[in-house]
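K.L.:
This is what each chain is made of:
Protein chains: 4
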Amino acid sequence: MKALVYHGPGNKKFEEAPRPSLRDATDAIVRIAKTTICGTDLHILKGDLPSVAAGRILGHEGIGVIEQAGSGVGHFVKGDRVLISCITSCGRCENCRRSMPSHCEQGGWILGNTIDGTQAEFVRIPFADSSLYHIPEGADEDSMVMLSDILPTGFECGVLKGCVEPGDSVAIVGAGPVGLSALLTTQFYAPAHIIVIDLDDNRLEVAKQFGATSVVNSRDGKAAGKVMALTAGKGVDVAIEAVGMAATFGICQEIVAAGGHIANIGVHGTSSVLHLEDLWSKNVTITTRLVDAVTTPLLLRTVMAGRLKPKQLVTHHFALSDIITAYDTFGNAAREHSLKVILTNGPA
Amino acid sequence: MKALVYHGPGNKKFEEAPRPSLRDATDAIVRIAKTTICGTDLHILKGDLPSVAAGRILGHEGIGVIEQAGSGVGHFVKGDRVLISCITSCGRCENCRRSMPSHCEQGGWILGNTIDGTQAEFVRIPFADSSLYHIPEGADEDSMVMLSDILPTGFECGVLKGCVEPGDSVAIVGAGPVGLSALLTTQFYAPAHIIVIDLDDNRLEVAKQFGATSVVNSRDGKAAGKVMALTAGKGVDVAIEAVGMAATFGICQEIVAAGGHIANIGVHGTSSVLHLEDLWSKNVTITTRLVDAVTTPLLLRTVMAGRLKPKQLVTHHFALSDIITAYDTFGNAAREHSLKVILTNGPA
Amino acid sequence: MKALVYHGPGNKKFEEAPRPSLRDATDAIVRIAKTTICGTDLHILKGDLPSVAAGRILGHEGIGVIEQAGSGVGHFVKGDRVLISCITSCGRCENCRRSMPSHCEQGGWILGNTIDGTQAEFVRIPFADSSLYHIPEGADEDSMVMLSDILPTGFECGVLKGCVEPGDSVAIVGAGPVGLSALLTTQFYAPAHIIVIDLDDNRLEVAKQFGATSVVNSRDGKAAGKVMALTAGKGVDVAIEAVGMAATFGICQEIVAAGGHIANIGVHGTSSVLHLEDLWSKNVTITTRLVDAVTTPLLLRTVMAGRLKPKQLVTHHFALSDIITAYDTFGNAAREHSLKVILTNGPA
Amino acid sequence: MKALVYHGPGNKKFEEAPRPSLRDATDAIVRIAKTTICGTDLHILKGDLPSVAAGRILGHEGIGVIEQAGSGVGHFVKGDRVLISCITSCGRCENCRRSMPSHCEQGGWILGNTIDGTQAEFVRIPFADSSLYHIPEGADEDSMVMLSDILPTGFECGVLKGCVEPGDSVAIVGAGPVGLSALLTTQFYAPAHIIVIDLDDNRLEVAKQFGATSVVNSRDGKAAGKVMALTAGKGVDVAIEAVGMAATFGICQEIVAAGGHIANIGVHGTSSVLHLEDLWSKNVTITTRLVDAVTTPLLLRTVMAGRLKPKQLVTHHFALSDIITAYDTFGNAAREHSLKVILTNGPA
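Protein chains in written order, with my numbering: chain F, 205 to 552; chain V, 205 to 552; chain H, 205 to 552; chain D, 205 to 552.
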């Protein structure tokens, strides 16, 4: 089969790779129908994630059709249309039982990381019963791909951890796909104000269309002051960090109101300064979370009910065989005005 | 001054009454600008509430202007425009401190009940600092009146106690002003399905306009079965009782899903049958609540942000001097297609 | 092998039965080391549970050793010492994923109910990976048997659903094994007062030894009044129903304070009267729950740390072959002063 | 009257000061019976808190008797025995209404900070109704003094924010009075393991007597490694920082388990390094809180029920007139083996 293979920093090829086969009784083989590229894949290609070895097939998002199911798989049979979760969950270890499969003893984020991933014609999914979802009749396929990772990430790590409540002021720092996913799902809770901060005016324009009540370009280094002005000096109830840098995490600390939340989504490569000399008495809560993707059923219901429209995150479509071009488009987001790109694997 | 005085069951007059004066240092006198009539006032007039003595001025909702503030009042001065909460809160007793002022040792629901109320030109408000709210600049006055009681009641007793979550199925039994308030505020949480049940087709039509995804007329006694069909036999995650009868509470028990919530708002005059022989193993939660009106600041923020539009609950306007007609209009809701009526007290 | 077989109402035999074998890849066969009898087993023998067919091996509690594990079982191998949960959990369906395996689509309470149970030399456990627990090194075996059902039931359905908090007043109606399990585990949360109510003075004496701060014999029909007196007329923050009768559920309604909780554990055969005419304005929460046994890991940790001593629930020991006598002892609790009985299956 | 007056860094005198009088209708004057010294008072004397002006009477803890109550005070009359909360709460502003009076618009921590405090014969208490508590009949007076600040601080900022649950592993970094208060109150929730870390072997010995299951002396810089060893490499569910230094906050980051909590109590004078490069994917929650003292009623109930014994925190007693010596004893805790000191004001 064909697959996008990582060959060390800066080096990827769409090439022939061995088709996966069942290894454990609880595995399933899925024929990919659609997949996408994540910002994390770009990090891998820069060499930022040492857990990813050369030779690895990338990708942890997508939908497809069950090709084969192991003898221990009870919920899926050949031909079922499935949504692949970016998080593999054994469903049995203590972390899975407490709804934290991101730290599953045998799973977690392993697809396109420590085992081969979804940017391929076929993929092996361990613990298929608890790592796949049936696609409801009539569901839009592009929307389903957005439920593999990007929407649960924005929702769980940003909105749920941030404890957004009706009437709140929310600031989202970073208007990439993850920040925009937080923007879409924060509206589940009817906040009064949603301020989105980014360096890219195009993305801020998109944020406005997606429901931001104010946008702030942080180019001039005065974002925090502007947010304070927009909130009458009080700050925001919830600050969502969706970039992964010390500077943006710093903005969150400056703008959080007493009693407020800072919800970190960003993948950080370095430490940050925590201003405990100011924050110790401010009754704030700071959270981190690797997506658990436990809200996929909830998100599926909101999508099917038309309360959430993930399709608006998709800006480009490619054939899977054009994945190298797709990486280029996705990687040059400002130039291409790209958010998420969909890669389609033609019929068998 | 003029006021609507209760003279025992079936007997009310709009007549001259003594103008209230300060009694305690923490009191304020408010000149009423707008008030309204509650379903509870109709119950009082039927003689259902023995706590209300003959001679009582009715009414527990409204907005106005501070005429005089006691020496112990720190937050309000003469001329301030204020929203009157239906719940009087001392702010100091243990129940107030745990956000349950409905059971305040010296307050709770006393206006138009055990002390004179708001259907008058002036009213005395005990514990003014913790029982009044400043009206924000630019706020719509009719909307503010809806925040005295009806919206916090639907929101706190129905939506919050029901723990509505994104993607949930919600059923609201009863489409009167309280049920419709629950309908408006349940949409803060992006439920997937909202089914409204009532006997009156006009109210069901209103419910559709207010956001119900399905409506069921319960005239034929088959409402529960229809709700089960609408939810593929699973039942609803949240059933909100907004009538106050054994029969409607019974519907809630039939339609609640395993793990679901029944949130009672209705004022009940008799006991109900609780089917513990079915429910004991269904992991359900049943709640009751007298409104605490502690979410008024939250609701104010959602109104000012345009996320909640309470004005749509107002169907009729009268001068305060026409309150007898207003009672007739409000009391014949099916005939008059009335929801909430606004009574305006002319300028001083 | 030998097993206790139900042959219809009033009819049980300890007799030869076919030894179970693997049916699905996710099954395990466990050789029973110790088991016990539950009050529910007595209900079955009265014919109260139509789901239990004649020919069924009873029992849903116990510990043992893995004899054989299916190909889809990843966490257990032959020879592992295991605790059997009374709740079988597939770990994959929506109810399992939301920590409510009592309503697992393929599991829930099925052992000794719709499939053969643990009062036997061997038992087949479906979904072994998510329905068994490893027994920690050095654990007391009798204590482990108490973790199969009785302790999670008292803790989850009574204490957790009742939301016991430090300083609370708690009343437990019923001092059988389940009520006493609630009594032991409610002390996790440092309530100020724990009042236990029962008809049997011996059990009330046991309750005192187990930590009750007051006991009330309800024989005279004045239990509610006595509890009100003990709480200075305020009532209790949490009332736990551990009997399953309309009368005892009625006591809970009389003694619950404003803002309080009624947590039902009891298995009810009939409906109860719910006094909504009193309770509608009292801000109470009433819960029901079939045990989910999701707190087994938590309970295991408290047992191993010496914070919980389940062994004190065990009053009698028998060989498995003496199970008919054990049923008699357990079934005549008042006469025998019995709580839980342990049945030991001799070495293979 | 006599009072302990701050005269700038390093300079305090016990001297004659004007006796306070009522200023607002909601004030009360309290004659101090007993007071104590807080670690924060030592910080003030070092000049660390610029909000404290020279001439200020220090102290924010104590009990006494109402000498005079303003006309707006409804809950207290002359002669009432009262517990003084370290947090002054107006009971009316939005922060008070959401149970966060630490950020009360007109109150918060002001006693002995921006207004005169309790290390004096008399003190003026603003908003007396919501800032004082009646002392229950039969209460131990030394214990009551511990409820002004130290116990609510350890409980609210450490234990509640840390979300301690039965069976958890808890580490408390710092065994001073605040850390020991967290140690006492964390036992409300039956954690399996409580590890206390400090530099002072005497305090660690006290920690063992107070319920620590393990103690670690951090002198050798290897505390984190020792905690990891004690938890089998997993780390703790809750790490409570009770010192206020970057190094101790750093230990907390090293020992928190995935999914765990870091609850900061310490007053920090400088920023800390936050290792987001490790923590971003660890699903941790970090909290800060200035004590709100909203749990005083709960703590009072646990003390009166004998579940909490605050008296064990008191190591020394002095007359108020010996306060200079008391400061010396308290300030040399390691040498004097002192925890909290009680200062008694003789009868009038």
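These aren't lab readings, by the way, just hints derived from the structure by calculation.
Be aware that a few hints might be false.
Where chains are identical, the list cannot tell them apart; a pair therefore holds if satisfied intra-copy or between any two copies.
SDA-like cross-link-like pairs, simulated, lysine to any residue; straight-line CA separation at most 25 Å [stated by the list, open to error]:
no., residue 1, residue 2
1, K412, A229
2, K486, I319
3, K430, G259
4, K238, C367
5, K426, P330
6, K486, P501
7, K430, P213
8, K412, R539
9, K486, D526
10, K515, G454
11, K430, A221
12, K282, G259
13, K486, A221
14, K513, L434
15, K216, E409
16, K426, T318
None of the values given here were measured: they were computed from a predicted structure.
K.L.:
Each hint should be assessed against the structure and marked as holding or not.
P.N.:
Hint by hint, here is what the structure shows:
In this assembly of identical chains, the alpha carbons of K412 and A229 never lie at most 25 Å apart, being 48 Å within a copy and 50 Å across copies at closest. In this assembly of identical chains, K486 and I319 lie within 25 Å of each other by CA distance solely across copies; the values are 21 Å between and 43 Å within a copy. Taking CA atoms no more than 25 Å apart as the test, K430 paired with G259 passes in neither setting, with 47 Å inside one copy and 39 Å between copies. In this homomeric assembly, K238 and C367 never come within 25 Å of each other (Cα to Cα): the closest approach is 33 Å inside a single copy and 36 Å across copies.
Taking the shortest alpha-carbon separations for K426 and P330, neither the intra-copy value of 47 Å nor the inter-copy value of 39 Å comes in at or below 25 Å. In this assembly of identical chains, K486 and P501 lie within 25 Å of each other by CA distance solely across copies; the values are 21 Å between and 36 Å within a copy. Taking the closest pair of Cα atoms, K430 and P213 never come within 25 Å of each other, the shortest separation being 39 Å inside a single copy and 37 Å across copies. Taking the closest pair of Cα atoms, K412 and R539 come within 25 Å of each other only inside a single copy of the chain (19 Å); across copies the shortest separation is 45 Å, beyond that limit.
Taking the shortest alpha-carbon separations for K486 and D526, neither the intra-copy value of 51 Å nor the inter-copy value of 35 Å comes in at or below 25 Å. In this assembly of identical chains, the alpha carbons of K515 and G454 never lie at most 25 Å apart, being 32 Å within a copy and 41 Å across copies at closest. Taking the shortest alpha-carbon separations for K430 and A221, neither the intra-copy value of 51 Å nor the inter-copy value of 47 Å comes in at or below 25 Å. Neither within a single protomer nor between protomers do K282 and G259 lie at most 25 Å apart by alpha-carbon distance, with minima of 28 Å and 37 Å respectively.
In this homomeric assembly, K486 and A221 never come within 25 Å of each other (Cα to Cα): the closest approach is 54 Å inside a single copy and 33 Å across copies. Taking the shortest alpha-carbon separations for K513 and L434, only the inter-copy value of 23 Å comes in at or below 25 Å, while the best intra-copy value is 28 Å. For a Cα distance limit of 25 Å, the shortest separation of K216 from E409 qualifies neither inside one copy, at 33 Å, nor across copies, at 59 Å. Neither within a single protomer nor between protomers do K426 and T318 lie at most 25 Å apart by alpha-carbon distance, with minima of 41 Å and 32 Å respectively.
When held up to the earlier numbered hints, the structure conflicts with 1, 3, 4, 5, 7, 9, 10, 11, 12, 13, 15 and 16 and fits the remainder.
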